[in-house]
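K.L.:
Just so you know, we're using our numbering here: the sequence shown kicks off at 22 and counts up by one.
I should point out that these hints are in silico values taken from the structure, not numbers from a laboratory.
Quick caveat, the model's predicted, so the values are computed rather than measured.
We put the CB at the ideal spot given by N, CA and C, even for glycine.
Watch out, some of these pointers could steer you wrong.
As the list claims (entries may be wrong) - Derived Cβ-Cβ restraints for the label pairs, each shown as a range:
no., residue 1, residue 2, range
1, Leu38, Cys156, 46 to 56 Å
2, Pro30, Leu101, 42 to 52 Å
3, Leu60, Gln133, 19 to 29 Å
4, Ser70, Ile105, 43 to 53 Å
5, Gly75, Phe132, 19 to 29 Å
6, Phe79, Ile142, 43 to 53 Å
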Amino acid sequence: EDPKLISHPVVVLFADLIWSRLAQWFFLLGRIYFLFTLLVFITSQSILSHLNAGYESFEEHIAIFCCRLFIYLGSMCTLLYTQIRLLTIDLKMGNFVRIGGVPVPAYLTNFQEGGALFLVITLILMCTQEPIFWCAANQDGDFP
Numbered sequence: 022e023d024p025k026l027i028s029h030p031v032v033v034l035f036a037d038l039i040w041s042r043l044a045q046w047f048f049l050l051g052r053i054y055f056l057f058t059l060l061v062f063i064t065s066q067s068i069l070s071h072l073n074a075g076y077e078s079f080e081e082h083i084a085i086f087c088c089r090l091f092i093y094l095g096s097m098c099t100l101l102y103t104q105i106r107l108l109t110i111d112l113k114m115g116n117f118v119r120i121g122g123v124p125v126p127a128y129l130t131n132f133q134e135g136g137a138l139f140l141v142i143t144l145i146l147m148c149t150q151e152p153i154f155w156c157a158a159n160q161d162g163d164f165p
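Assemble the whole structure, with the sequences as input and the hints as a guide.
P.N.:
Have a look at this one:
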């Protein structure tokens, strides 16, 4: 609460050192990973799927599957782990908020975490509808 303390040169120097030596790189790596994941998602959903009008080769199917597998393993698993961890913390501590009379874990009141939960659910639904997983059981079949 003391403005002189927070603007003291030692506190400012320490905060700048932590940001420039440690936190900045983790922040930038996280943003770069997010952009890379977004580019892989766009490539698999839009670019590779519409590369040849009407016909997709075996190699294109494999490339699309590899991109989607990267999304499922690289993004969905990380997001799912974070959601389960936050839910477990709220369950153990009893942190619930009532929305319309329904108890909701308190971490979901944060807009970003609610969006992350929606993204996890969407990725899980996409994964369950992945055509290659459905066709993997029938290796000898004639696929369209």
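K.L.:
Each of the hints needs a verdict: does it hold here or not?
P.N.:
Status of the hints after comparison with the structure:
Between Leu38 and Cys156 the CB atoms are about 55 Å apart, so this pair conforms to the stated range of 46 to 56 Å. Take Pro30 and Leu101: their Cβ atoms lie about 44 Å apart, and the range 42 to 52 Å holds. At roughly 21 Å, the beta carbons of Leu60 and Gln133 sit within the given window of 19 to 29 Å. For the pair Ser70 and Ile105, the beta carbons lie near 31 Å from each other, so the given range of 43 to 53 Å is not met.
Checked against the hint of 19 to 29 Å, the C-beta distance between Gly75 and Phe132 comes to roughly 42 Å, which is inconsistent with it. One distance hint, 43 to 53 Å for the beta-carbon pair Phe79 and Ile142, is violated here, with the actual separation near 32 Å.
Going down the numbered hints, you'll see the structure goes against 4, 5 and 6, while the others check out.
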